[in-house]
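With the hints as a guide, bring both chains together as one complex.
So the protein lines, in turn, are chains A and B. With my numbering, the residue at position 118 of the first sequence is 298, and numbering never jumps. With my numbering, the residue at position 256 of the second sequence is 266, and numbering never jumps.
Hints in this document: simulated from the structure, not taken from any laboratory. Treat each hint with caution, since some may be false.
[As the list claims (entries may be wrong)] Under the rule of at most 35 Å between Cα atoms (straight-line distance), these lysine-lysine pairs were calculated in the DSBU-like manner:
id, chain 1, residue 1, chain 2, residue 2
1, B, Lys424, A, Lys306
2, B, Lys619, B, Lys578
3, A, Lys335, B, Lys457
4, B, Lys415, A, Lys294
5, B, Lys239, A, Lys335
6, B, Lys372, B, Lys157
7, A, Lys335, B, Lys244
8, B, Lys314, B, Lys157
9, B, Lys622, B, Lys587
10, B, Lys314, B, Lys415
11, A, Lys335, B, Lys464
12, B, Lys532, B, Lys457
13, A, Lys335, B, Lys309
14, B, Lys415, A, Lys306
[Claimed, not checked] Taking beta-carbon pairs under 10 Å as the criterion, some of the chain B residues facing chain A (in silico):
id, residue
15, Ile416
16, Ser417
17, Val425
18, Val435
19, Asp577
Computed from a predicted model, the values in this text were never measured in an experiment. Heads up, the beta-carbon is just placed ideally off N, CA and C, and yes, glycines get one too.
Residues per chain, in single letters:
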Amino acid sequence: MNNRQMGRIKCGDSRPRLSAGRAAVSLWARMFRRKAFQALLLSAAVFTLLGAGDPATRFTELGHQLMCICGCNQILLECNHVGCPASDGMRNELMASLTRGDSDSLVEQGFVQKYGPTVLAAPTTKGFDRAAYIMPFAALFLGFGLIALVIRSWKNRPAPAIADGLTPIPGPELEQFRDQARKETDL
Amino acid sequence: MAEIGSFSLLLALALSVYSFVAGIIALAFQNRTSLQPAGATAGRGALPASLEESPLITTIRQASERIGETARRAGIATFAAVLLASMVLVICAFRDDFSIAYILHHSNRALPGPYKFAVLWSGQEGSLLFWSLLLAAYGFVLRLRYKTDPRLFAYASVVLSGVQIFFLLLLNFAAHPFAIVQGTIPADGNGLNPLLQYPEMVIHPPMLYLGYVGFTIPFAFALGALIMKYPGEKWIHITRRWTMVTWAFLTCGVFLGAHWAYSVLGWGGYWGWDPVENASLMPWLTGTAFLHSVMMQEKRGMLKMWNMWLVFATFWLAILGTFLTRSGIISSVHAFAQSSIGDWFAWFLAITLIVFLFFFFKNKSHLRSEHKLESLISRESSFLFNNLLFVLLCFTVLWGTWFPKISELVQGNKVTVGAPFYNRVAIPVALLLLILTAVGPLLAWRKTSLESLKRNFMWPTVGAIVVVVFLMSTPQSWGSAFGLKPWRDISYFYSLMAIALSVLVTLTVASEFYRGGRVISKHTGQGMFASMVQLTHRNTRRYGGYIVHFGVVVVIIGFAGAAFNQDKEMEMKNGDKMTIGPYTLICRSSTEDDNPDHYSQWAILDVFKAGKQIDTMTPERRFYHASQQTSTMPDIRSTLNEDLYVVFEGLNQDNGHPILKAHLNALVMWIWMGVWIMLIGTVLALIPNAPAPVRVPARARMTHPHAEPAVTGD
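Chain B with its partners taken away, still in its complex shape (with noise of 0.2 Å):
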């Protein structure tokens, strides 16, 4: 099977290298042949018009096309060639054959199906497997559709395929799936990594990966794009539903990360700032200020030059978390061991650089921004601010992750940049953009009066002082939120600020719906709630951006909850009561258990509430024999206000009783239900708009016959 797989890869190797050099002939003799090639200006060899018609010409371009198909065919074989060696790996993991060191290392017997199939992307060479792969799925789609703009698409496989050949040079050279172990072959193998064997772990790392990988398909296209000087803003919408694809698997990722950590860790958070955390965070806003900025381009021909570059961090940035994972070059709790890797990711970061700076400074005269601003107070600049802040926001977390470094370089010692840090820096800033999301869809393109922004954001201002004064004047005894004294604390103030935000965000948000929907119910009868279906279907992008926005800011309500955390550490013996919260936790015994895969011991508690049991909780802490390692499976009670959260942290040598931890973390469920309401807001924004009626009053009709329909806004 090893030989299968390995031949596999040697196969996928060359097909993507054929596909490179076979498109950059085809390209290159097809600019030459061309008088004005299809939807490009023309490169400086194209021909006279007299040389056009020349049957030596045509021969030569027909030839072009040929090599140029060869290689588009290619790409798609790659596809394949790379699917066989995954699911060789895949199979040699359920025939536990550990004569291939990846299987030994990363999977056992006794390891449960789901999980061998996990192990695919459980280790450092079956990811990079398994990132290939994606890539590979990718070009495979871009290639079938290909007729929507075949030189835009020839350009953009391209660099798919110089991608694809970077990550079968590693596989292929440095980090090899199928190598063999040497000398005696284990019976067993050593066994997933325990924090692994988590039913959410088998999606997160696909997720994420499909989110990153992702991301190189909207750079294929701009760097294709900015080689070919393509005019217009075509490629833009080509791209449009690539990238928002690819940022809701990136965005499902992230936070399925986070879920992960909160419920397998068993330190009661779910963000720790950790440096690969903040590798998925970096594109992750990068990549949401370019889909915002974007809209600048299409509407308005503006801030070309900068989507360019956005379109590439957001790229790079996917690659340098990688670097970071795998270099250890950073120090972090989740990074891959240490290998040689690193020094290819250095390089290919350092060449994907080159490549795009080269072709943007031959170029950039293309990318002049086409129209004049009118006013501030638009969507225009309120775009311009927002770029601003996210990118400012990836500075952060990027300077953050590497200022221990650089401390290490300037000063001689290593420094650690924790919560602390991020919480001092990025909160404020993250604040202010909260402002722009309540404020920017307020905006209209070009200009606004500020008398129709006054109008429009009165209400909304209103409600969130409302929410505000409310939130300050209730007793604390009706849960977490409430009875919030901002001066008490900095991290108060903050929490009552992000939430007064959220509401504005909120009611702005409704107050669009309302609007436009009352609009339609006058035309059209229908009720109100139907005339905002019909509403958002008529502009799925922008009613489905809003309801984004609506989910960011449930997202922020459930991070605002942090600021009143609690936790409690007791050692319990049988009928033993802890008290946290609003929660009386009495335990009932404690017990032990051993299968194949791992041994366990977990505490049985009672939970009570007002002096009622509503729950009962079985925190579990676990020994994996093969692989030798002790993981934590906390209980989490979650409600709309707080989570109960036990974990089990083991026994007391002494005595045998054991030591149990609750947390009690305010809103957290709001976090998750936020990540719901975003993908959905996403998946609405990817459906395709309801054509609007156009009311074409009778003059108009007879002085305009070939009138076009005004095309919606967003």
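This is chain A alone, in the form it adopts within the complex (with noise of 0.2 Å):
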């Protein structure tokens, strides 16, 4: 049985049955849902096509993602050295590769072929350069599952015993006596 078999069982079986006025939030909820992810598709879309501009705007972009190579470790439209022996070469080669109509993935390949990986300003998103992007990610995911079991486990921790002869004061009446001690303390 594959995944897509066993989600549909266990939809199909465990969903209770709704009402008419439940059902109609649950659709309109999906709507939202499948709207919003729409949305969001098509601003991810909006973004990765960013910059697909004009041969100016991309040499100054790629020029930005390309490293100097001659050992000043600036990116290459910042390299400042007059007489430098490879960036004036390099940028010469950008614009030659843009005048062709290379595709900025090509320029880029062309650009390690020639020079090695540390031309390239950033690390790829192939092979073992993704790992680059994803651990950062990867950390905040793991970071905000830490958070929410240290959460849980700090919800569910025993309230601190209260002395003999006192009473716990109700709900409303404490969050009263909060909302003073703040507005007389909190100054």
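Next up, the structure:
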């Protein structure tokens, strides 16, 4: 049994019957989710396609994705050495590639083949290089997970014991006292 | 002179070792001869009450106290010895004593006086001596203030001595600053690196080092408190000021470095994500996280283990940064020459990690949280997320810094991890952090109702939306940050988001001041401004913190301006024009000069805006005779809107015309203004609170005659 079949059986068997009102709400929620997903995809597409502009813009953008290889450790278009043995030639090569109509990835491949992978100012999104981008976001999600666990354990912790003879103050009254305390002390 | 310096360093090492060993002996005996040491839980060897008063035990206890006192004094004397060694090195620099290899390699006769003083931290050996001096100075202050809590300070003193021993071992046996030149002594030195011959370079390293070294103090207290199972949160109160002062120094150091890079390196930027820059940012990030999470421990007795880790990580990352700079393991434009001292640092890092792990796992039961979390919408949970994001940013920077090495190990070839990587990964996280900066202050401890959050958050959100609409709808001719179209480029989108969130934070901060000021104004009848001043004075930490937040958003606005930067390069003969943004530059002439220190070439440019001359700029390029190195001296014309940054790149070899590069860098001045605001906020937060008048109802006064005034909140 594949995962899709398993999922379908689970949904069909376990979902309780809904009233008409709740069904409408559920339908609306589903539509909202679908629309939100579409909007997300659209915005992702828009931002992925950003920068696919004219040659001058592409020159600036690609020039900032490449490093000068003279040893100055600077971005190609930021290398400011007069008489730099590398940057002028590299800029000319970049302009020539763009004039030929090469795509961004073809331009980058050409530079990597000629100068090696260190010519790219950032790791690629292929092979092991992907780990560079995955790890921070994996750490973010791991962190969120850990925080969820911590919050759960803190919430489940028993309330501190109250001394004999005292009774706990009911919720609304306690809130009132807290508000008062905040007003009077939090300045 | 060199002999005096060498002897001082040896003496300092001996004193540090004594302070360390005698300190441990004294503490061990005190633990075993006391029934219940003041301020700490008894050790396993503590005595039963019957033996407590025996003459032998009393004698041993008195002896151990005397040994402890000698250890403290040895620590103080270490400072004197290291100070003497440092003074000797500076005097040798002023006396042009080129028989000392360090002076020969980092100074020359024509070097101006202030830079001769800066020779102390301009090279490997001198900067390690300077590090040791600062550590000894911090230790000196700590040991003088021991009466605050003698036992805790004694533990901290031992930890400090341990760290000091490491640096003095390095100075005596691996990187000796007083090594003598073999053979003929040259008549003049090699000179100071020209990039370091800039006024800020005299201040930047001391500030940065004060920050790096200063985090040893909270670490020493934390480790001491962990070892002795220190009860309560008093150690946090004691270290709070140390941590804030240290954080301010590190902030200052990091941004002075950025300003130096901007003003000297001539590439038009202030941050290149170089490993050495990253090394200074990492402890800053964890230190900032610690400054926030420490409040959880103070107020609610939570995050005790986490705080231990944060304070350790901050100290450890500061040392790791030094390891990166000195070992040559990561290639960097800033790195010192490769040397064997990288191994020393690697061992030191390993030893400190092992020591910390040992005591952490031995005593972690002592670090359990005391309270439960009542609501997800509370200051506590906002601090949790704040810490997560700070640590994640730190991890991202660490990961990016080490990834070339990891890639080399895994796939056999190095890759470059530069600005594009950090822009993709770090900016989204930083924006999330900015959202938390806006929301956090509006959340109360324990629990906040959604209604109050909505009420407090509505107007700042409306304000931020209005600013976004305004920035998008205004014409571009108004300035760099106007007429923003976020769909044109992802960097514009990030910039707009950063500016919008900065406005949100500013408005939440302003609303906090306004609400508090209004309450005081109502009760006292004072004007609003006077009430807000009083409000700040009553809780300097909280409102000083808000001012720091405001400073941060001003800095962020400055960073956001990078999306609108422009540059142009041109060969200009006399009378040629270059137009960039609203400015027109006309080359009036180019000239040259020579002095004993350097030969220089520069251009004279008249700057016009809207047809009117507004300035004359003189970008310069120097060639230093002693070091045979070239350096650029960009001319920068700063306004709130943008910086006009002109670099003299050199002369065309064929026709002798100057080649000039002009950058139009948007909103850069905001960064430097923001740093000043952050520092003002930090200083405010360090000022003690003014006593708040406590109004106690008559009935309560009668029933609770000994009621204590309520503690003000943060």
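Results for each hint:
1. This hinted pair checks out: Lys424(B) and Lys306(A) have alpha carbons roughly 14 Å apart, not beyond 35 Å.
2. About 17 Å separates the Cα atoms of Lys619(B) and Lys578(B), which keeps this hinted pair within 35 Å; it holds.
3. A threshold of 35 Å between alpha carbons decides the hint, and for Lys335(A) with Lys457(B) the separation of about 12 Å falls inside it, so the pair holds.
4. Between the alpha carbons of Lys415(B) and Lys294(A) the distance comes to roughly 22 Å, so the proposed pair stays at or under 35 Å and holds.
5. Taking the CA atoms of Lys239(B) and Lys335(A), the gap is about 26 Å. The hint holds against a cut of 35 Å.
6. Simply put, Lys372(B) and Lys157(B) have alpha-carbon atoms about 28 Å apart, close enough for the 35 Å limit, and the pair holds.
7. For the given pair, Lys335(A) sits about 26 Å from Lys244(B) by alpha-carbon distance, which is consistent with the 35 Å threshold.
8. Proposed proximity of Lys314(B) and Lys157(B) is supported: the alpha carbons are some 25 Å apart, at most 35 Å.
9. Taking the CA atoms of Lys622(B) and Lys587(B), the gap is about 14 Å. The hint holds against a cut of 35 Å.
10. Restraint check for Lys314(B) and Lys415(B): the C-alpha separation of about 34 Å stays at or below 35 Å, so the hint holds.
11. A C-alpha spacing of about 24 Å is found between Lys335(A) and Lys464(B), which places the hinted pair at or below 35 Å, so the restraint holds.
12. For the suggested pair Lys532(B) and Lys457(B), the alpha carbons sit about 27 Å apart, so the restraint of at most 35 Å is met.
13. Between the alpha carbons of Lys335(A) and Lys309(B) the distance comes to roughly 17 Å, so the proposed pair stays at or under 35 Å and holds.
14. Only pairs whose Cα atoms come within 35 Å are accepted, and Lys415(B) paired with Lys306(A) is accepted, the gap being roughly 17 Å.
15. With 10 Å as the threshold, the beta carbon of Ile416(B) comes within range of chain A, its nearest partner Cβ sitting at about 8 Å, so the hint holds.
16. Given hint, Ser417(B) at the interface with chain A, holds; its Cβ is 7 Å from that chain's nearest Cβ, closer than 10 Å.
17. The interface hint given for Val425(B) holds, since its Cβ lies 5 Å from the closest Cβ of chain A, which is under the 10 Å cut-off.
18. Interface hint at Val435(B): satisfied, since its Cβ lies 5 Å from the closest Cβ of chain A, which is below the 10 Å cut-off.
19. Annotation: interface hint on Asp577(B) holds; nearest CB of chain A at approximately 8 Å, less than 10 Å.
Of the numbered hints listed earlier, not one is contradicted by the structure.
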